[in-house]
Every structure is written in C-alpha cells, then in structure tokens.
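Peer 1: If you use the working numbering, the sequence shown closes out at 410, no skipped numbers anywhere.
A hint or two may mislead.
Unchecked claim - Across the chosen pairs, the derived CB separations fall in these ranges:
1) 127 with 63: 27 to 35 Å
2) 66 with 372: 49 to 57 Å
3) 362 with 195: 39 to 47 Å
4) 206 with 98: 33 to 41 Å
5) 378 with 147: 50 to 58 Å
6) 267 with 75: 53 to 61 Å
7) 67 with 381: 43 to 51 Å
8) 291 with 362: 27 to 35 Å
9) 217 with 63: 29 to 37 Å
10) 290 with 372: 20 to 28 Å
No lab work stands behind these hints: they were computed from the structure.
Keep in mind the model is a prediction, meaning the values are calculated, not measured.
Beta carbons are placed, not taken as given, at the ideal position from N, Cα and C, and that holds for glycine.
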Amino acid sequence: MAPQDSLKAPFFLITPWFGTFAGGGGRAIASLAEMFQRCGYSVTVLTTCSRSPYEDWRSSCYPAGESWVDNIRVLRFPVDQSDSRLYHEAVVARSRGESVCLELQQAFFERGINSQALIEYVWRLDRNAVVIAGTYFQSLVPSVINAHPGRIVALPAFHNEPEFYWMPIANMIENSRKILFLSREEKDLAIRVYGHRVGQRLVENPVVGLGVQLTSDVQTKIEGMDFLRQVRISLSLPEHYLVYVGRIENAKGLSYLIPWINNLNKIRIAKNEFLLPLVLIGDGPLGVVPESPYMLKLGYLPEAEKLAVMRQSIALINPSMLESFSYVVMEAWLAGAPVLVPRGCAVTAGHVDRCAGGLVYEDETEFSIEVESLLNPKVRDALATQGQQYVRTQFRWPDVMDRILRAVLL
Numbered sequence: 001m002a003p004q005d006s007l008k009a010p011f012f013l014i015t016p017w018f019g020t021f022a023g024g025g026g027r028a029i030a031s032l033a034e035m036f037q038r039c040g041y042s043v044t045v046l047t048t049c050s051r052s053p054y055e056d057w058r059s060s061c062y063p064a065g066e067s068w069v070d071n072i073r074v075l076r077f078p079v080d081q082s083d084s085r086l087y088h089e090a091v092v093a094r095s096r097g098e099s100v101c102l103e104l105q106q107a108f109f110e111r112g113i114n115s116q117a118l119i120e121y122v123w124r125l126d127r128n129a130v131v132i133a134g135t136y137f138q139s140l141v142p143s144v145i146n147a148h149p150g151r152i153v154a155l156p157a158f159h160n161e162p163e164f165y166w167m168p169i170a171n172m173i174e175n176s177r178k179i180l181f182l183s184r185e186e187k188d189l190a191i192r193v194y195g196h197r198v199g200q201r202l203v204e205n206p207v208v209g210l211g212v213q214l215t216s217d218v219q220t221k222i223e224g225m226d227f228l229r230q231v232r233i234s235l236s237l238p239e240h241y242l243v244y245v246g247r248i249e250n251a252k253g254l255s256y257l258i259p260w261i262n263n264l265n266k267i268r269i270a271k272n273e274f275l276l277p278l279v280l281i282g283d284g285p286l287g288v289v290p291e292s293p294y295m296l297k298l299g300y301l302p303e304a305e306k307l308a309v310m311r312q313s314i315a316l317i318n319p320s321m322l323e324s325f326s327y328v329v330m331e332a333w334l335a336g337a338p339v340l341v342p343r344g345c346a347v348t349a350g351h352v353d354r355c356a357g358g359l360v361y362e363d364e365t366e367f368s369i370e371v372e373s374l375l376n377p378k379v380r381d382a383l384a385t386q387g388q389q390y391v392r393t394q395f396r397w398p399d400v401m402d403r404i405l406r407a408v409l410l
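With the hints as constraints, model all of the structure from the sequences given.
Peer 2: This is the structure we're talking about:
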C-alpha cells in the first residue's frame with residue numbers, strides 16, 4: 001500500500017455529473033469516492049450542476065455550491081452557457097459518418113457539458129492534492145486536463161469510437177499526469193493509436209480495473225430459493241429467458257440484438273420449441289423495444305432483484321461494442337450467470353477469453369448456436385463458476401485500491 005504520509009493528500013474527483021444518472025462512468029467515480037474515503041482520505045467530488053447527459057444540461061440543473069451525496073462532499077459548478085451550435089454540428093456530422101474538421105472536434109469537447117468555473121477552481125487546489133478526472137467522452141474532462149497539463153490523473157474509460165481519434169483527446173492523453181486504464185484492451189487501444197505520440201510514458205500507465213463485490217446481504221438473498229421464487233413470481237418471469245441489463249438504447253447494441261431475438265424465437269416456434277424471450281432491465285427512450293411476446297421490459301430494479309433475475313437466466317447478453325470494463329458482465333458472473341458478448345467488443349471478449357466465463361459470437365448464426373449450447377445447465381454452471389472465480393480474484397476492492405494508490409501516490 002502507499003506510504004502512510006501520503007494519507008495527508010486530499011483527493012478531488014472530477015466528473016461531468018454526480019448523484020443522479022448512474023451509467024458506468026458515474027458509478028465508477030461514486031465507488032472510488034467511497035473507497036478513497038474508507039481508506040482514510042479526504043474526498044471531494046468536483047462536478048457541474050448538470051443532472052445527466054440525457055436532459056438539457058444547461059437548464060436542468062442542481063444549485064451551484066456545496067452538497068453531500070451518500071456522505072461524499074460535492075462541489076457543483078455552473079454549466080457553461082456557450083453557443084452550442086457547433087457542438088450539434090459535430091454530433092450531426094459524426095452520426096452521418098462524415099469527416100469532422102478540427103474546429104468541430106474542438107467544439108464537441110468544449111461546448112458540451114463543461115464548466116470554466118470548475119476548471120478555474122482547480123488552480124486553487126493545494127499542490128499536494130491528488131486530482132482524478134473521468135470519463136473522457138463529455139467536454140469537461142478533456143477540457144480540465146488540457147487546461148492543467150501534467151496535473152491531473154485521467155480515468156478515461158476509452159472506447160474505440162470516432163471521438164477517441166479526435167485532436168482534443170490526443171492532447172488530453174499527452175497532458176494527463178497519469179492514465180488509469182480499466183482493462184488491458186483499453187490500454188492496448190491507447191498505445192496502438194497514441195503510442196507513437198506519447199511514447200514510453202503511455203506504456204508505463206497501469207491497468208487498475210474496478211472493484212466489483214456483492215454485499216453479504218445481497219449475496220445471501222440471491223442464494224436463497226425463497227427469494228428467487230418470490231422475484232420470479234412478482235416479476236412474472238418466464239421459465240426460460242435471456243437477460244439484458246443497462247440503458248435501453250440502440251447504441252448499446254439493442255439495434256441488432258432485438259431483431260436477432262425475434263428471429264431466434266420465430267425459428268423456435270416453427271420447431272415447436274419453448275420460447276426464449278429477452279428480459280430487459282433498465283430505462284431509456286420510448287420506441288427502442290417493440291411490443292412483442294419475445295420482450296419483457298422490467299425497468300429499473302433494486303439491486304438484489306436485478307441480480308436474482310440474472311441468476312435465474314440462461315445468460316446475460318451484453319451486446320455493446322463500446323465497453324472499457326463492463327460492470328454488468330462482472331455482476332452477472334457474481335450472480336452465477338454466464339455471459340454472451342460480441343467478438344467486436346475487444347474488452348468484453350477479452351474478459352471471456354481470459355476466464356472462460358461465457359461465450360463469444362461473431363454474427364447472428366453463431367449467436368443462435370451459442371444460445372442453444374447454453375440451454376444445457378451443466379454448461380451454464382461451469383461457465384458461470386469460471387467467471388465468478390475471475391471476478392473474485394481479479395477485481396476485489398482491496399486489490400484494486402492498492403493498484404490505484406500505488407499509481408497516483410508513488
């Protein structure tokens with residue numbers, strides 16, 4: 001662990017929003033804030049007044065100033081009210097697959113969720129303070145790192161997507177004090193694209209991962225047959241099903257998964273076989289999931305119920321091509337379920353390849369074959385057990401915090 005005198009250093013975590021919308025990046029920052037505090041450090045989250053990226057971040061806001069969220073001190077700063085025209089031009093050009101000029105690249109990473117007041121505040125922090133900023137996709141994190149070269153540790157959660165290749169991100173990688181990677185594949189991506197520019201310093205940055213552990217209360221609940229039966233009855237779960245957990249939007253891979261599930265079940269009906277509907281846990285815009293006997297939308301669920309649904313599934317499917325870690329895959333393994341992931345996502349396929357905790361598909365035909373093999377309970381149990389062992393040995397919070405503290409304090 002880090003030297004004891006390093007405990008004097010306060011920690012400041014910078015993130016675009018905090019305390020409401022809990023995507024993967026927000027969850028990572030919240031968990032780290034709690035864990036740094038448990039380790040005896042003073043922790044403050046610096047964030048904007050924005051509630052989430054899915055609302056109008058210029059008007060749907062918290063009050064600026066100090067507040068407390070789950071015993072974590074939070075300082076909120078006003079969201080910049082800059083002209084967003086060029087930002088939206090960048091979004092449109094990107095969505096059309098067009099080349100995005102440097103001016104629009106800069107506008108995208110300056111005129112989204114950003115706060116010059118927060119960026120200025122960082123100048124006032126004690127030089128001994130440890131400052132960590134994540135994740136990279138919104139304007140705030142690249143802006144604050146590029147405004148303070150060599151000062152801030154990045155927790156970027158990079159994805160292999162067009163924005164990752166834009167100039168503000170190249171500058172951010174060069175200007176970061178250190179970079180904490182969440183997976184081997186995320187680091188490999190950064191080195192492959194920017195290694196020639198940053199050199200050995202980029203290679204030396206660590207893969208730290210994130211901690212994923214179930215509370216003893218939740219673990220006890222999902223291992224109890226009475227609780228599992230209660231959840232199955234209360235949610236009207238079918239006897240056999242696949243499960244998706246996360247934001248309900250096409251960009252998460254549902255644009256192809258939903259048609260595949262429909263096709264799979266039509267074939268099963270033609271063969272006089274039982275249905276395999278997709279149970280979806282999470283929320284998102286209307287219209288993504290059609291009304292269908294092959295789809296069951298449950299919305300958000302309490303943690304224990306969510307894990308109980310996973311545990312009783314044939315498998316969890318994470319169809320996303322854009323992951324840097326994937327909490328939901330780790331949770332499925334801890335819950336006792338195998339996973340199905342696309343080969344096109346290097347991160348989730350890498351986890352599965354390392355632990356044999358699930359199956360990987362290349363296309364719809366292979367997906368259907370893998371689903372069929374998972375109908376064998378012995379296969380499911382063996383895969384889930386291997387995945388569970390992987391999470392319990394690689395992503396315990398004490399080990400993750402040791403890796404992070406060594407990286408940022410030594």
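Peer 1: Indicate, hint by hint, whether the structure satisfies it.
Peer 2: For each hint, the structure was consulted:
For residue 127 and residue 63, the Cβ-Cβ distance of about 30 Å falls inside the hinted range of 27 to 35 Å, so the restraint holds. Hint check: residue 66 to residue 372, Cβ distance near 56 Å, so the stated range 49 to 57 Å holds. As the Cβ distance of residue 362 to residue 195 is approximately 28 Å, the hint placing it in 39 to 47 Å is violated. Hint check: residue 206 to residue 98, Cβ distance near 36 Å, so the stated range 33 to 41 Å holds.
Roughly 56 Å separates the CB atoms of residue 378 and residue 147, a value that falls within the hinted 50 to 58 Å. Distance hint check for residue 267 and residue 75: the Cβ-Cβ separation is about 55 Å, which falls inside the suggested range of 53 to 61 Å. Range check, residue 67 to residue 381: Cβ separation about 46 Å, and the 43 to 51 Å hint holds. The hinted window of 27 to 35 Å between residue 291 and residue 362 holds, with their beta carbons roughly 30 Å apart.
Take residue 217 and residue 63: their Cβ atoms lie about 34 Å apart, and the range 29 to 37 Å holds. Between residue 290 and residue 372 the C-beta distance comes to about 24 Å, which sits within the given range of 20 to 28 Å.
Figure legend: structure checked against the earlier numbered hints; the only hint not met is number 3.
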